[in-house]
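Student: Residue numbers (the UniProt record's numbering), protein chains in the order written: chain A, 1 to 374; chain B, 1 to 374.
Do not take every clue at face value.
Which bits of chain B does chain A cover? Going by a derived footprint, with three or more residues having C-beta under 8 Å, they are [stated by the list, open to error]:
id	stretch
1	18-29
2	290-302
Listed below are the simulated BS3-like cross-link pairs for lysine-lysine, each with C-alpha atoms no more than 30 Å apart in a straight line [claimed, not checked]:
id	chain 1	residue 1	chain 2	residue 2
3	A	K306	B	K49
4	B	K27	A	K27
5	A	K337	A	K302
6	A	K108	B	K154
7	B	K355	B	K294
8	B	K294	A	K302
9	A	K27	B	K154
10	A	K106	B	K79
11	A	K349	B	K299
12	A	K27	B	K113
13	B	K113	B	K62
14	A	K31	B	K113
15	A	K108	B	K79
16	A	K306	B	K213
Rather than coming from a laboratory, the hints here were simulated on the basis of the structure. Since we're looking at a predicted model, the values are computed, not measured. Where a beta carbon is used, it is the ideal one built from N, C-alpha and C, also for glycine.
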Amino acid sequence: MSFFQPKQSRAAQKQAVDIQHQPWVEKYRPKTIDDVSAQEHTVAVLRKTLTSTNLPHMLFYGPPGTGKTSTILALARQLFGPDNFRSRVLELNASDERGISIVREKIKNFARQTPRAQAVASDGKTYPCPPYKIIILDEADSMTQDAQAALRRIMELYARITRFCLVCNYVTRIIEPLASRCSKFRFKPLDPASTSARLAQIASAENVPVTPETVDALISTSQGDLRRAITYLQSASRLALASTPPTDITPRDIQEIAGVVPDGVIEDFAVALGIERVHGDGMDVDVDDSGRVKAKGFEGVKRKVKGVIREGYSASQLISQLHDHVVAHPTLTPRQKTRCALAFAEADKALCDGADEELWILEVALRIHRAMNS
Amino acid sequence: MSLWVDKYRPRSLDDLHYHHGLSARLKALAASGDFPHMLFYGPSGAGKKTRIAGTLLELFGKGAEKLKIDQRVFLTPTKRKLDVNIVQSNYHIEITPSEVGNYDRVVIQEILKEIAQTQQVDLNAKQRFKVVVIHEADALTRDAQAALRRTMEKYMSNMRLILCANSTSKLIAPIRSRCLLMRVAAPNAEEMQTVLDYVAKREGFAIPGDTVKLIAEDSEGNLRKAILVLEALKMQNPDLSARDLSIAKPDWETYCHKVADMIVQEQTPARVMEVRAKLYELLSHCIPPTVVLKTIAEKVVEQVDEALKADIMHWAAIYVRALPSVLSLRGAARIEARMRVGNKKIFHLEAWVVKVMSLYKNFFFDIDMDGFDD
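Start from the sequences, fold in the hints, and give me the full structure.
Tutor: In structure tokens:
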């Protein structure tokens with residue numbers, strides 16, 4: 001026995017370290033479906049299934065970071081308990097090979113096994129443990145059409161003992177026959193209130209001081225993606241703690257971590273393109289006014305674009321922020337805004353197709369410049 | 001004897017010449033033990049890889065510098081063999097999955113899982129995790145990026161990722177939100193001058209101020225290029241006086257400039273044929289069509305009237321979108337896109353040339369070209 005003693009303690013110690021260094025996204029993943037933030041409708045329906053222990057095939061879809069994977073994992077955990085979880089749940093995601101051969105072998109084999117009767121749970125609680133297994137296909141929109149087609153019959157054949165849960169971002173990428181076999185749940189982007197509540201809860205649990213402005217910055221940069229908000233918060237707190245002496249988290253830190261172009265740079269760029277400066281915003285105290293002159297002609301615009309590119313900001317981010325700036329601008333005429341919007345739209349498409357970034361930023365800049373002067 | 005670029009590449013974070021704030025952050029993060037996934041992005045030659053190497057040194061100590069090169073063979077599901085070069089030390093591994101084009105997903109899945117599922121065996125190691133450095137992360141296919149998603153969360157305790165990319169535009173949002181973004185901006189003129197002076201001093205000669213300025217301007221924020229140019233210049237004329245110094249352009253660039261001159265000089269069908277021959281010559285020497293178009297456009301723009309400049313850039317941007325860039329070729333879904341945008345490069349290059357010629361002629365001789373505008 002003494003031989004095993006030190007080993008055990010070391011294992012325990014390692015476990016502790018791991019939990020401490022876990023990403024907060026994993027650490028604060030909801031344990032029960034009641035913990036899931038802001039998806040009342042879905043949670044209400046799923047809670048029913050907990051009591052009735054009957055479950056349809058399910059298709060979860062919605063933008064990233066809205067709790068799709070968390071919900072199904074929490075539900076499975078509540079249904080089966082920690083002991084049966086392994087034998088009753090098969091989770092496959094895009095990091096696993098999911099070609100047609102895997103569907104035919106692995107999924108089919110798992111689907112056709114008859115689940116064993118419930119063993120007594122080790123933690124003393126009783127779980128409903130219904131007589132079926134769950135196969136979670138995470139990121140199902142990256143499965144090939146063929147693989148999806150192969151699933152069709154499997155889903156029906158073993159419906160008695162196996163439930164499928166497909167999780168995806170784009171419901172249109174799931175072939176129609178599969179979608180019609182599932183009951184669909186849409187996950188909507190989180191509203192600011194629930195995001196800030198969740199962030200506050202995590203921040204207090206981790207002893208991270210956050211100001212309301214920081215939370216606002218997190219919400220505006222993450223745009224309803226809770227995972228992104230939590231990751232940014234963790235990164236920011238790491239940076240804040242790592243610097244000596246430990247500093248507070250400022251909204252600017254959050255923006256830098258999120259890769260957002262500073263408001264000053266955007267404003268500067270816009271002024272150079274001939275968009276009038278918006279007066280009365282107190283955001284840009286750190287940028288001096290000397291660089292803010294309207295660029296003269298083609299060469300001026302080109303030099304400005306080169307400068308921005310050299311700073312290393314991402315083109316798509318720049319365009320989306322410039323878009324926000326133009327659309328919200330108080331004095332531009334609708335005609336000017338429309339012309340700018342057209343330029344932004346075309347540039348976005350081109351960037352998605354992998355076109356040259358510098359050339360397209362220049363194109364957008366020139367078109368705005370022209371729109372402003374006409 | 002190695003090139004100066006490699007010889008004077010800073011080894012540790014302390015030796016870096018610029019972006020001291022960034023270095024301090026990296027150092028603090030490495031020391032804190034709570035190291036996140038990271039994404040370094042910025043223009044080429046800004047020092048991303050140098051910073052990554054410095055961070056690794058900070059994390060693991062000298063052991064991270066003992067590199068060995070391995071060639072690994074992977075088997076795709078279709079039984080095709082892939083050879084991939086891997087650079088690794090005991091603590092980290094560097095891969096460039098985009099080398100294998102469409103099959104990068106296989107490499108990502110295999111390597112990451114292998115690393116992720118084995119723990120650090122060296123008890124003296126400073127960190128419990130290993131680091132996987134992925135170069136050219138923006139060239140990864142969608143599939144490969146999707147394969148990263150869950151792996152990044154699941155195996156966080158054994159592995160950290162460091163991604164290195166030119167722009168974040170081509171990375172999918174879920175990856176970006178899982179990483180701590182590190183923007184490495186290109187050095188400004190003064191910073192480049194200090195580095196060049198430093199290199200010169202270590203080599204035991206002094207460079208005149210004008211020469212430094214010339215080199216710094218010519219290399220447009222690309223430090224690697226600047227140092228290479230410096231070394232080349234030193235070879236050519238050892239005294240480096242700025243008076244009769246000209247920085248040798250690569251052959252293809254002078255060739256492009258010649259093409260630009262031809263376009264501006266004469267606008268006839270016969271000239272189009274001559275230009276075509278030159279373009280074919282460039283393409284057959286494997287100069288990417290995007291680069292060709294961009295270089296020629298920039299040169300043409302220098303020589304024409306102010307009123308025409310914006311138009312010429314506009315059409316360059318339009319046609320560059322039609323060009324199949326190297327990136328947009330990758331990935332099964334993108335192949336389809338490529339069919340749509342066209343895969344015969346010469347068509348688009350030539351169309352642009354003709355467009356520019358017609359614009360030019362139209363401008364000077366005021367020919368009515370209304371019917372040809374679309």
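Student: Under the criterion that the straight-line Cα-Cα distance not exceed 30 Å, is the pair K31/A, K113/B satisfied?
Tutor: 26 Å, holds
Student: Under a C-beta cut-off of less than 8 Å, do 3 or more residues of the stretch 18-29 of chain B approach chain A closely enough to confirm the stated coverage?
Tutor: Since 4 is at least three, the answer is holds.
Student: Please work out if K27/B and K27/A have their alpha carbons no farther apart than 30 Å.
Tutor: 26 Å, holds
Student: Sort out whether K79/B lies within 30 Å of K106/A, counting only the CA atoms.
Tutor: OK: K106/A and K79/B at ~19 Å, within 30 Å.
Student: Would the pair K108/A and K154/B pass a check requiring their Cα atoms to be no farther apart than 30 Å?
Tutor: Holds. K108/A to K154/B sits at ~25 Å (cutoff 30 Å).
Student: Is the Cα-Cα distance between K27/A and K113/B 30 Å or less?
Tutor: 22 Å, holds
Student: Does K306/A pair with K213/B here, judged by a C-alpha cut-off of 30 Å?
Tutor: 18 Å, holds
Student: Given the hint that K294/B pairs with K302/A, does the C-alpha gap stay at or below 30 Å?
Tutor: It holds: about 13 Å lies between the C-alpha atoms, which stays within 30 Å.
Student: Hey, K355/B versus K294/B, does the alpha-carbon distance stay inside 30 Å?
Tutor: 15 Å, holds
Student: Would you check the hint for K306/A and K49/B, treating anything up to 30 Å between C-alpha atoms as holding?
Tutor: Holds, because 22 Å separates the two Cα atoms, which is no more than 30 Å.
Student: Check whether the Cα positions of K349/A and K299/B lie no farther apart than 30 Å.
Tutor: OK: K349/A and K299/B at ~26 Å, within 30 Å.
Student: If you look at each residue in the stretch 290-302 of chain B, do at least three have a Cβ nearer than 8 Å to any Cβ of chain A?
Tutor: holds (count 4)
Against the hints set out earlier in the document, no violation occurs for any number.
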